[in-house]
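**Q** Residue numbers (the working numbering), protein chains in the order written: chain A, 281 to 459; chain B, -2 to 483.
FYI, nobody ran anything at the bench for these hints, they're computed from the structure.
This one's a predicted model, so the numbers in the text were calculated from it and none came from an experiment.
Treat the hints with care, as some may be off.
As the list claims (entries may be wrong) - What follows is a set of in silico ranges between Cβ atoms, one per label pair, in the way DEER data are often shown: (1) Thr90/B with Val382/A: 47 to 55 Å; (2) Glu320/A with Gln460/B: 39 to 47 Å; (3) Gly372/A with Gly446/B: 18 to 26 Å; (4) Glu320/A with Val279/B: 57 to 65 Å; (5) His92/B with Pro380/A: 45 to 53 Å; (6) Arg310/A with Thr90/B: 36 to 44 Å; (7) Arg458/B with Val382/A: 27 to 35 Å; (8) Thr90/B with Arg373/A: 33 to 41 Å; (9) Glu381/A with Ala469/B: 40 to 48 Å; (10) Glu381/A with Gly373/B: 39 to 47 Å.
No residue lacks a Cβ here, since even glycine has one placed at the ideal position from N, Cα and C.
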Amino acid sequence: MTLVSTLPGLLTLAALAAGLGGLLGWSAARGPRDSGSVAERIDALLPQTQCGRCTYARCKPYAQAIAAGEADINRCPPGGELTIRALADLLGRDPQPLAPEVGPAQPPQVAWIDEARCIGCARCIPACPVDAIVGAQKFTHTVIAAHCTGCELCLPPCPVDCIELRVVEAVDERLHRAA
Amino acid sequence: MASASAFPAGLRLPAHKSEALAPAIAIAPAPSQAIVSLDQGSGRAALPCVEAGERVRVGTAIGIDPETRNRVLHAPVAGVIRAVEPRVSATGTGHGLCVVIDNDGTGDRDPALEPIDDAERMPAPQWIECLANSGVVGLGGAAFPTAVKLAAALAREATHLVLNGAECEPWICCDDALMRARAPRILLGARLLLRASGAGHCTIAVEDDKPEAIAALKAAFSSQPDERITIRAVPAVYPAGAERQLLTTITGIEVPSGSVPSQSGLLCQNVGTAAAVADFAVTGEPCIRRIVTINGSGVVRPGNLDALIGTPIAELMAHCGGYRGTPERLIAGGPLTGRALPDDGIGLTKAMNCLVAASTLDLAPRGAEMPCIRCGNCANVCPAGLLPQQLQRSAQAGELEQAGAWGLLDCIECACCDYVCPSRIPLTQRFCEAKSALAAREERLRRAGDARWRFERHQARLQADAEAERRAFDEARRRARNDGAS
Chain A
281 MTLVSTLPGL
291 LTLAALAAGL
301 GGLLGWSAAR
311 GPRDSGSVAE
321 RIDALLPQTQ
331 CGRCTYARCK
341 PYAQAIAAGE
351 ADINRCPPGG
361 ELTIRALADL
371 LGRDPQPLAP
381 EVGPAQPPQV
391 AWIDEARCIG
401 CARCIPACPV
411 DAIVGAQKFT
421 HTVIAAHCTG
431 CELCLPPCPV
441 DCIELRVVEA
451 VDERLHRAA
Chain B
-2 MASASAFPAG
8 LRLPAHKSEA
18 LAPAIAIAPA
28 PSQAIVSLDQ
38 GSGRAALPCV
48 EAGERVRVGT
58 AIGIDPETRN
68 RVLHAPVAGV
78 IRAVEPRVSA
88 TGTGHGLCVV
98 IDNDGTGDRD
108 PALEPIDDAE
118 RMPAPQWIEC
128 LANSGVVGLG
138 GAAFPTAVKL
148 AAALAREATH
158 LVLNGAECEP
168 WICCDDALMR
178 ARAPRILLGA
188 RLLLRASGAG
198 HCTIAVEDDK
208 PEAIAALKAA
218 FSSQPDERIT
228 IRAVPAVYPA
238 GAERQLLTTI
248 TGIEVPSGSV
258 PSQSGLLCQN
268 VGTAAAVADF
278 AVTGEPCIRR
288 IVTINGSGVV
298 RPGNLDALIG
308 TPIAELMAHC
318 GGYRGTPERL
328 IAGGPLTGRA
338 LPDDGIGLTK
348 AMNCLVAAST
358 LDLAPRGAEM
368 PCIRCGNCAN
378 VCPAGLLPQQ
388 LQRSAQAGEL
398 EQAGAWGLLD
408 CIECACCDYV
418 CPSRIPLTQR
428 FCEAKSALAA
438 REERLRRAGD
448 ARWRFERHQA
458 RLQADAEAER
468 RAFDEARRRA
478 RNDGAS
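Using the sequences and the hints given, assemble the complete structure.
**A** Here it is as structure tokens:
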């Protein structure tokens, strides 16, 4: 077989490849590219603890930073491995271990106020990002466990250290594996 | 009169029921110590409303629903509460909070219990309210609160009540025994359930391999005819008695995926539940007993026992002549949908329709799991019309969304696919695990969504507060200037 006899075939294929490639590139350039919705989809996968342990102020800024390529996906301790895996799936990246500087993974927890020691100063109330603390000045406070995200932001303002965090429950190993 | 079953596939299985059905229902003696699990098998544990040391009478409330505060659990015996503590239980985790009552043998009845004579004439909501505090739950095995189901049916104006006497799973025959012995109570229960649900007619569905039960129901019916009630035989195909499958067989309506029967104007209750409702109305006694089948070749005299809730399983077995040798496995429920029990010290729950003491004779060696060969047997027998092999692939790969798209939540866990799988894949178990993983993920997302919403409201409020403060400050300054100028 000579080069001359294969040449028309090769040329046809090359022309096809170039044509289709051009078409693909054109459609990719014209297609919907909304990075805003990427940040929203990332935000939807974050646990919304609002704890700021990722070093960003809240969950949303962290999501925006990931979308902009400024932050890695392994900085959410409350989300742990599950969140990292979900983000890796969404963004087509490889899962990676939690970044050491943000601390270890945080199991689900809720704040609990020792009402015998609470002095009713109301300083923890504005600190709670999800309004899960009920109380008023000179009245004892309590945490609505169903709304508490376990962010620990109520701990620093408390002058008598009467708030502690309690782990919710041992989450089933199997669920972790399958989810 | 038997029509072909309307749902796809299913299995014809050897019944293994005749031996346990031979003797009449025996009354099991009250236990010396009752162990009443706060989770009676519905997965929703009651809150204890008694403390250790307290004295209770038969029928005294010991557990309330955490949300509605209805009295849902009652003392089966009179005596002193020994403890409210975690014990080995039949629930998923293997441990659950139980109320342990030392029986003092007096059998003192709570004086507040009174028969409800006018139940058949009571307005439906009021009658449902009574039932909500009676502790009656679905006795077919799901232990779902009957009053909740009735309230939904009433609210959605359900028209057709189906009483489930199909009892399709091998070994289990407590409903058959009940229908033979107490048919008039079931018919009374049917009328009371019609009253509560507002439904216009009732079909009592019985599998056609239970001619004695059908004859007993017909005899009771002819002495007390009611044009709203019909008795119908359905083909004996497993799982004919699964709620959705039975409703399709009886009414021809397929309850859509993701909805409940009441949304299609239907209501399904077990015949045992109907009898429990009637018992409650006649005696005033809450649901503290049930009929349970004791079966399997690991027990000396298989039979059906009318036993108090909380009776330790070991005592029930002893009443049936004890174990024959050492049983290989103790199963609550049937061989296909039941679960193995870790211990026979567990108290009887409302969900336990059958206890199988299985010897090696009953248990086919399962053998090692092998890869799926895509033979399609599972899809051929699935009564929900699913593709178990596809579900299994997705569940195995952790692709829960994909499994959901294949209809994971429509799996009724009947285990037909396990039964026919030549590779011995524990499919149903996989699907159960995937379902709970999916539910856990949904719960996490729901909680996150809730937290996001609350956080956004919190931020908006802080901003509005700051804005208001600034405006007030500006206003005060303006006024101060104006005052100074004038």
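**Q** Given the hint of 18 to 26 Å, is the C-beta distance from Gly372/A to Gly446/B inside that range or not?
**A** Holds - the Cβ-Cβ distance for Gly372/A and Gly446/B, about 24 Å, lies within 18 to 26 Å.
**Q** Within 36 to 44 Å or not, the Cβ separation of Arg310/A and Thr90/B?
**A** violated, 54 Å
**Q** Given the hint of 33 to 41 Å, is the C-beta distance from Thr90/B to Arg373/A inside that range or not?
**A** holds, 35 Å
**Q** Mind checking the hinted window 27 to 35 Å against the Cβ distance between Arg458/B and Val382/A?
**A** holds, 29 Å
**Q** In this structure, is the beta-carbon distance linking Thr90/B and Val382/A contained in 47 to 55 Å?
**A** Hint violated: Cβ distance 32 Å, outside 47 to 55 Å.
**Q** Measuring from beta carbon to beta carbon, are Glu381/A and Ala469/B in 40 to 48 Å?
**A** The hinted range 40 to 48 Å holds for Glu381/A and Ala469/B, with Cβ atoms some 43 Å apart.
**Q** Range first: 57 to 65 Å. Now tell me if the beta carbons of Glu320/A and Val279/B are that far apart.
**A** Because 60 Å falls inside the window, the suggested range holds.
**Q** That 39 to 47 Å hint for Glu381/A and Gly373/B (C-beta), does it hold up?
**A** Check failed, 52 Å falls outside 39 to 47 Å.
**Q** Could you say whether the range 45 to 53 Å given as a hint is met by the Cβ separation of His92/B and Pro380/A?
**A** At 36 Å between Cβs, range violated.
**Q** Within 39 to 47 Å: is that where the Cβ-Cβ distance between Glu320/A and Gln460/B falls?
**A** For Glu320/A and Gln460/B the Cβ distance comes to about 21 Å; the hint is violated.
Checked against the numbered hints listed earlier, the structure breaks hints 1, 2, 5, 6 and 10; every other hint is satisfied.
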